[in-house]
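Given the structure of chain A, go ahead and fit chain B onto it with the hints provided.
Number of protein chains: 2
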Amino acid sequence: MVDGLDSRTAQIYGPIVERLEQVEERLHGISDVKTPFLPDLLDYVFRTQGKRVRPAITLLASQFHPHDHDQPVTMATAVELLHMATLIHDDTVDNSPLRRGKATVSDVWGKDVAVLLGDYVFATSATFVCDTENVRVIRRFSETIMQLSSGELLEFFNTNNWRQSRDDYNNRIYRKTASLFHTAAESGAILSGAPEETVQALEGYGYNIGMAFQIVDDILDVQGSAEEIGKPVGNDLLQGVLTLPTIMLLERYPDGNPVKELFARGRNGSGDQLKTVLEMIQNSEIIEDCYDVVGDHCRKAARSLESLDDIPARASLLMLSEYIMERTH
Amino acid sequence: MVDGLDSRTAQIYGPIVERLEQVEERLHGISDVKTPFLPDLLDYVFRTQGKRVRPAITLLASQFHPHDHDQPVTMATAVELLHMATLIHDDTVDNSPLRRGKATVSDVWGKDVAVLLGDYVFATSATFVCDTENVRVIRRFSETIMQLSSGELLEFFNTNNWRQSRDDYNNRIYRKTASLFHTAAESGAILSGAPEETVQALEGYGYNIGMAFQIVDDILDVQGSAEEIGKPVGNDLLQGVLTLPTIMLLERYPDGNPVKELFARGRNGSGDQLKTVLEMIQNSEIIEDCYDVVGDHCRKAARSLESLDDIPARASLLMLSEYIMERTH
Chain A
32 MVDGLDSRTA QIYGPIVERL EQVEERLHGI SDVKTPFLPD LLDYVFRTQG KRVRPAITLL
92 ASQFHPHDHD QPVTMATAVE LLHMATLIHD DTVDNSPLRR GKATVSDVWG KDVAVLLGDY
152 VFATSATFVC DTENVRVIRR FSETIMQLSS GELLEFFNTN NWRQSRDDYN NRIYRKTASL
212 FHTAAESGAI LSGAPEETVQ ALEGYGYNIG MAFQIVDDIL DVQGSAEEIG KPVGNDLLQG
272 VLTLPTIMLL ERYPDGNPVK ELFARGRNGS GDQLKTVLEM IQNSEIIEDC YDVVGDHCRK
332 AARSLESLDD IPARASLLML SEYIMERTH
Chain B
32 MVDGLDSRTA QIYGPIVERL EQVEERLHGI SDVKTPFLPD LLDYVFRTQG KRVRPAITLL
92 ASQFHPHDHD QPVTMATAVE LLHMATLIHD DTVDNSPLRR GKATVSDVWG KDVAVLLGDY
152 VFATSATFVC DTENVRVIRR FSETIMQLSS GELLEFFNTN NWRQSRDDYN NRIYRKTASL
212 FHTAAESGAI LSGAPEETVQ ALEGYGYNIG MAFQIVDDIL DVQGSAEEIG KPVGNDLLQG
272 VLTLPTIMLL ERYPDGNPVK ELFARGRNGS GDQLKTVLEM IQNSEIIEDC YDVVGDHCRK
332 AARSLESLDD IPARASLLML SEYIMERTH
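Chains A and B supply the protein sequences, listed in that same order.
The numbering of the first sequence is the working numbering, which starts it at 32 and goes up by one.
The numbering of the second sequence is the working numbering, which starts it at 32 and goes up by one.
No false leads were mixed into what you were given.
Identical copies carry no separate label here, and so any pair may be met within one copy or between two of them.
Each computed DMTMM-like pair below joins lysine to aspartate or glutamate, with the alpha-carbon atoms no more than 25 Å apart:
hint: 1; residue 1: Lys65; residue 2: Asp198
hint: 2; residue 1: Lys82; residue 2: Asp248
hint: 3; residue 1: Lys65; residue 2: Asp199
hint: 4; residue 1: Lys65; residue 2: Glu174
hint: 5; residue 1: Lys82; residue 2: Glu357
If you're looking for bench data, these hints aren't it; they were derived computationally from the structure.
Isolated chain A (complex conformation) (with noise of 0.2 Å):
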């Protein structure tokens, strides 16, 4: 069994739970190389557990047609070891000292071994998708990885740029996170080899709901308790990391807006332009304008499942989406 999951987390995942828990033992099973020094580092990767949101959705996207169960099991494997091998790159990146409240391999071990081990891990991913036999998906997989690394770029380039439109945004949230979730979706439903616009509408759905998880996450960071979402709040914006909420208040307030003397400053910036800040956020309408946004990725994600059967799959895929809108950490 997934462990760690919530109720309702087991409810969404009912129709492939033994699945998941066959994509676990495969996670599982990659720590088992007779390499030296590999595999403790490999089990204290698979040791932390996460949600296994992305190859939950790749499973769920696979149940539309009838199929060979092994393809799909070995692309959502794929797909958490690309997310995994995406947060030890990016928790080097950042300095993150912790991720789910469990010291990071750049911290634990060195910034040079999550180089090397993320690696292995982007390449470990790569073996698994090439499992599927599936060029179409390899390629797309492939793609995904540039993807995600440049948006990381663009992120890092752009550090303290306030001026950066809703396009560009958008632009570089697809690439560092919504491509993921695309290519989970999508790759699914190739491999269960269902019609072209059956691919295409799960494409849409992944597309949708990968762009609202992001803007969540955003919103999360000028809104809630750093108990709650496990890291300080404000931490993008003492990044210098542009969000929806910050474009927002700028498009309200573009003279003498605060969070252009915060990024002026950098990483010298001052607690209390920070709380300015948040609480010019908070007192407006923002965090419900950019909810709004959310609102519209959900239900473009559901509008392209209506051509779907309705299986419990569909009812899954729809109950995800209300849950990443309403996630909390």
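Leaving out everything else, chain B in the frame of chain A:
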């Protein structure tokens, strides 16, 4: 034309010079992306002109069977891109300020950009491999990335460990260096549609030439002058990396060997200790013995080619093995 080749390399590359030019064009085409910031970074990486030994091996290995020329060119591009991605991450891990006399990505833009750009170049190499649509080759490529990164991890965790056997050493250098030569040769043969005996013959060639390449690197580190190899002499010893000459020194003088003292002190090792170790190696027959091992690999590489047709590409592969053995930087 591939710039900067000496007359001997130009002769070796004779049978494939036009295709190597196509590889060059494809490499430069990669910088032509609309994503902000990326073109400058990629241009910087691709402007560093290497000798293109690995893609040349792929192209030469494809000559033994009539085939569509496009696929080996695509694969050769992927092989060079993978090599470049590896260098970007290795220079990051090693804190190298220079590569071929030019500042490294890590030195110019920082480690974080180097991590993400390396990921992007890895992923780009994978999309080229996908263009071959050959699942066997794609899988070998993913496995090669696992070997390269695990080889680097083995090196990292064995820093200052003098208790490594020759088997440990061979395993490590196969992963970190020879695996890519192996894959370069094997994939060229597979994509030409050559029969399995030809593929295996070229695999044997790639394996042995790759091992020889790394051992020559090890020899140059204890033998050459700083001017010849473009980095300080004894660099591996100072970094705590055990190489074949050092293993041979430990085998000859198991008691009170200054390598143990040098490694025990790590980065605090003195120049005098390093000088003692280098003089002991240079005043013994160790360098000749190392060249004997290189010679063994080159002879095995040549023997692998005996069953193949006597075409210009075969002569080139033989010349290449001699060139690798005699190189001085």
